[in-house]
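Colleague: Using the sequences and the accompanying hints, generate a full structural model.
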Amino acid sequence: MIMQIILAILLLSPLVGSLLNGLIIRSPSARLSGTIATVAALVSFLCAIVLTSSVMSGNIVEMSWLWFGAGSFKANWGFRFDQLTSVMALVVTGIGTLIHLYSVGYMSHEKSPFRYFAYLNLFLFQMSVLITSSNLVGLFVGWEGVGLCSYLLIGYWFEDPEKAKAGLKAFLVNRVGDAGFLVGMFICYQLFETLEFQAINSLIDTKTGFNLHLLNLMAFFLFVGATGKSAQVPLYVWLPDAMAGPTPVSALIHAATMVTSGIYLIVRLNPLFVVTLDTNLIIASVGLGTAVLAGLIATSQNDIKKVLAYSTVSQLGLMFLALGCRAYVAAIFHLVTHAFFKALLFLGAGSVIHALEGEQDILRMGGLRKKLPITFWTFAVATCAIAGIPPLAGFFSKDTILHFALMTNFSLWVGGAVVATLTAFYMFRMFSLTFLGTYRGTVHPHESPAVMWVPLAILAVASAVGGFLGVPHEFHFLPNYLEDFLSPVVPSYSFEGTSSLGAFEAMGITTGLALVSSALAVFLFSKAQRAGGVGKGFSPLRFVFSNKFWVDELYGIIIVKPFRLISQFLSSIFDPQIIDGGILFLAKAVRGMGGLVTLFQTGVVQFYLFLMLIGTVLIFWWFLKGWVI
Amino acid sequence: MWANMLLPLCVIPLIATVGVLLLPTRWSKVIALVSSLIGLILCIPIYLGFDSIQSQTMQWAISVPWIKSLGIRFAIGLDGLSFPLVLLTKLMMPVAVLASWNEQRHQKAFMACFLALDAAMTGTFLSTDIFFFYVFWEAMLIPMLLLIGVWGSDQRVFASLKFFIFTFFGSLLMLAAIFTVFVAAKAQTGVYSADIASLTKTMLSPEPLWWGLSVQDLVFWGFTIAFLIKVPIFPVHTWLPDAHVQAPTGGSILLAAVLLKMGTYGLLRFSIPFGNDSFFKFTPLIAILSLVGILYGAFVAFQQTDMKKLVAYSSVSHLGLVVLGICSRNPEGLTGAVIQNINHGLSTGALFFLVGFLYDQRHSRKFADYGGLASVLPWFSFFIVFVACSSMAVPGLNGFIGEFLILLGSFKAQKTWGMIAVLGVIFGALYTLTLVRKILFGPITSPENRNLKDLSLKDYLVLIPLSLLMLWIGFAPQGLLDKMKPSLENYWKNPVSAYADRSNGENPS
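Heads up: the sequence lines are chains A and B, in that order.
Here the first sequence is numbered in numbering that gives the first Met the number 0, starting from 0 and rising by one per residue.
Here the second sequence is numbered in numbering that gives the first Met the number 0, starting from 0 and rising by one per residue.
Keep in mind that the hints were calculated from the coordinates and are not lab data.
It is possible that some hints are incorrect.
[Claimed, not checked] Listed below are the simulated DSBU-like cross-link pairs for lysine-lysine, each with C-alpha atoms no more than 30 angstroms apart in a straight line:
1. B:107 <-> B:452
2. A:206 <-> A:73
3. B:437 <-> B:452
4. B:308 <-> A:587
5. B:414 <-> A:168
6. B:28 <-> B:107
7. A:168 <-> B:308
8. B:200 <-> B:280
9. A:168 <-> A:110
10. B:437 <-> A:560
11. B:437 <-> B:365
12. B:308 <-> B:28
13. B:452 <-> A:110
14. B:437 <-> A:110
15. B:452 <-> B:308
16. B:437 <-> A:164
17. B:414 <-> A:206
18. A:370 <-> A:110
19. A:110 <-> B:457
20. A:547 <-> A:560
21. A:164 <-> B:308
22. A:168 <-> B:437
23. A:73 <-> B:414
24. A:164 <-> B:452
25. B:365 <-> B:28
26. B:365 <-> A:164
27. B:457 <-> B:365
28. B:365 <-> A:560
29. A:73 <-> B:492
30. B:492 <-> B:200
31. A:560 <-> B:414
32. A:168 <-> B:365
33. A:560 <-> B:308
34. A:547 <-> B:437
[As the list claims (entries may be wrong)] What follows is a list of derived Cβ distance ranges for each label pair:
35. B:287 <-> A:208: 31 to 37 angstroms
36. A:63 <-> B:359: 45 to 51 angstroms
37. B:160 <-> A:571: 22 to 28 angstroms
38. B:175 <-> A:614: 22 to 28 angstroms
39. A:439 <-> B:291: 55 to 61 angstroms
Using N, Cα and C, we set each Cβ at its ideal position, and we do this for glycine too.
Modeller: Written as structure tokens, this is what we have:
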């Protein structure tokens, strides 16, 4: 009972914070509204810790009551705090708290910070609903809810029409995925007659004779939902635009938490996805394809946040690669470490942007190592971590994924290795252009205040040592805490596959590639800086990458333009002219007939008598025709 | 004592109409507000007292003989089908009155029209006698016609005539259907009766008679065309945008929130019980029309430059969804349809109220005249975003419950229907958020907008309760659903018996 109350507090605390800030206090002071929001997030985090300890002692917290039902369908408000939720909740509320704290400094110059903090708290609430819900409908509540908060936060500076449009784009692209999610849910209900995770997962395990084709379809449509929220091909296009929002939002929502919900969804339903092999092939291919595509684009972006955005897309792709290889724990592991270092990278970028008064172009940065020492050092840790340099967090988690890819299919591993190489390259390119060399900007940068750098430092520690949560099995001497902890809900599936490459050899190759490309990037871009040749020169490849393969333009031609044209045709020609015109024409025809009849109303008595005569004759003829003829 | 529960709902607005006409103009508004608030307050005991287990039967029924030789009685009652709509009517009345608070032209007549409309709408939902149903149905037309034609915008006369002719055309077909049933019933039972429940027991032959259509088909279409025009469904929707754009705010609110619901109510109350076999035969046709309407309404809404027109076309889309829910022929879809009826009333009513709020200050409904209002009108913006969320079915708000159940039900009935209707989810977000963006976001383009005043007390009095209702239905709709549960769950087992207990319980076919 106590634990259920704590779970309720975990959920409601940010909601209360949001209502306080957004509807009641509405303080123009970032300090006051920020404090309320941060405390609300912290309370959630503390609750998550208490609940996790309860889960560790084998006590899973659940509560559930009827939400709505009709016919044989029932949807519950159901919440369940198990091992998987506990990992997610610690990440979401923990990093959430740090980012709330950071925002107090970052948003200090805003005129309506309460709005920002209200949205941010609301996001935390919705995200908590998403990860604690015990059924698909409840998860969908959070799923749409985080999308809404993302929309509101991307468009936070709504006076700028571009930013408002970016928010709209994010919401709409997500809705495309959500439509898939809904269809997945309907198939699920048809197959299992329930939408409760526990029931679905145990039904798959115990009952046989499911139509594998339908199972695959269900998995596929849920994955379509995931491609929207987790920014995968073909629906990733909203995430780079989402960088229009305040940078802490990018860190929390568009890197660490919301965008990982697609991965969470699939891991949550892992007993289903384990059997849907056809869908897994699609998931692995889409994941790898996205990872490579976004990695290539990231190598030629000059906006610091855009590089990070494409990097996020790419890393999420790696997680989907893991899911496609049925390496669910590996996906969650990378999700956690990625949350640490990507949040840190974004917050670091925010610190740079804040220091440079809004500058985001890395070509106009450089040499910030001396000017922003704390940002520099923490950023360096995160860069090394994501690049996969041992023994930082990214090294372990990425290696685990590549290991499973190798066990599944050699070509998947090759693709993964390419992604690892690209990651190291674009990250160190950005790192060198931002912090090394000489300063190329005009404003005088200053290091951020403590509220901003303390979260950076904490995340740096996590990025450095986070990898030890889930040390791969090759290192027998260290335990894999994460796998052991998650095993009741996410069992590790055995792999029959063997490969020509040993585990350590493969790891050596990818790590070597990462180190070489890091060094290459540092060498190239520090040197180019000195020569003043940054961003100069033309190469066809870079032309393609920096134009992002023209995917947005392509969508513009094949989706947006036709939609607009059809819509224009329907609203300005078809509806008024054809539909309404047709009906008005009928009306006119009726009036015309009325006009015809009025011709007979001459008012001349003789005419009426004449008509009467004709009528009488006709009537007689009608009755008598049988006799006459 | 209970028998008196429903009568005041109908009689109070009538008395108030007379009161408004007799007393000085300065009292008109107050009388209208007080009368509609009394109606709303009366809904509390009705909500609490309504026996959910008995929701298939008429409760608080009154039946007084009127024309004995024809079996016509003044008969009213409330069951699971009319229950939500009567509450919705009573809820939207004060909203409409408050929305028209600043109307200066012919206040007395204006408020009298509102109150007469209230009485007619309530009577339509409550009637259990087909004759009185028809009388109330037609009586509704007159005050609405006047509201549009007298207090409307520049094209008001055209719009009001269009509204009248469309609806009246349907009404005549319905009248023919009513007569057919009336005569057929006499032939079968030997006595005249106008009681809807007994009339539905009439056997109407499903045998093809004329061009493959049976008598039942003809009766079915007589009713159905009238109701589908009212809904309105594609392609007979074109009266709606004109009527909405021209109508004064209060008129638009009642038109969208209540009058359109007469269409879906009629389908459930008359079309399906009278023509069960025909409905079975024509379900695909009606479903396809509603699917077209869902997407078509959304496509057309997206391009509109006039706010009211956008909302009007969004109604075409939303009500297409309601009809689709009915076509799913299962309890999930039907429950969704009934809830979506209420949701659409709440959200569209609130949207029209908000648009009217802007119109009162700036006398423009064009998007081009707005933009960037979020920085001038924070509370207005809050409510418009909130209502937009409700309208585009963000889970946690009311819209989701209805939309989800309809989609689930239609997917269960026909996968392709569900798949196509799901696209409406995407487009719904598109036009709704476009509306939000065009009004609220971007820079302030016209300087007049800098001096706009934010919501006043009367606006809060309307918007806060509506928002709370949206939250309530979104978070905890089960109490409301339970009230109607038996009538909705059993509806498809035997649509006739959903209306009244059939002693022998046979299927009408």
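Colleague: Look at each hint and say if it fits the structure.
Modeller: Hints versus structure:
no.	hint	result
1	B:107 <-> B:452	holds (28 angstroms)
2	A:206 <-> A:73	holds (21 angstroms)
3	B:437 <-> B:452	holds (19 angstroms)
4	B:308 <-> A:587	holds (25 angstroms)
5	B:414 <-> A:168	holds (28 angstroms)
6	B:28 <-> B:107	holds (8 angstroms)
7	A:168 <-> B:308	holds (23 angstroms)
8	B:200 <-> B:280	holds (19 angstroms)
9	A:168 <-> A:110	holds (26 angstroms)
10	B:437 <-> A:560	holds (19 angstroms)
11	B:437 <-> B:365	holds (10 angstroms)
12	B:308 <-> B:28	holds (28 angstroms)
13	B:452 <-> A:110	holds (20 angstroms)
14	B:437 <-> A:110	holds (22 angstroms)
15	B:452 <-> B:308	holds (24 angstroms)
16	B:437 <-> A:164	holds (10 angstroms)
17	B:414 <-> A:206	holds (25 angstroms)
18	A:370 <-> A:110	holds (28 angstroms)
19	A:110 <-> B:457	holds (29 angstroms)
20	A:547 <-> A:560	holds (19 angstroms)
21	A:164 <-> B:308	holds (22 angstroms)
22	A:168 <-> B:437	holds (14 angstroms)
23	A:73 <-> B:414	holds (20 angstroms)
24	A:164 <-> B:452	holds (26 angstroms)
25	B:365 <-> B:28	holds (29 angstroms)
26	B:365 <-> A:164	holds (20 angstroms)
27	B:457 <-> B:365	holds (24 angstroms)
28	B:365 <-> A:560	holds (24 angstroms)
29	A:73 <-> B:492	holds (20 angstroms)
30	B:492 <-> B:200	holds (15 angstroms)
31	A:560 <-> B:414	holds (29 angstroms)
32	A:168 <-> B:365	holds (23 angstroms)
33	A:560 <-> B:308	holds (23 angstroms)
34	A:547 <-> B:437	holds (29 angstroms)
35	B:287 <-> A:208: 31 to 37 angstroms	holds (35 angstroms)
36	A:63 <-> B:359: 45 to 51 angstroms	holds (47 angstroms)
37	B:160 <-> A:571: 22 to 28 angstroms	holds (23 angstroms)
38	B:175 <-> A:614: 22 to 28 angstroms	holds (27 angstroms)
39	A:439 <-> B:291: 55 to 61 angstroms	holds (58 angstroms)
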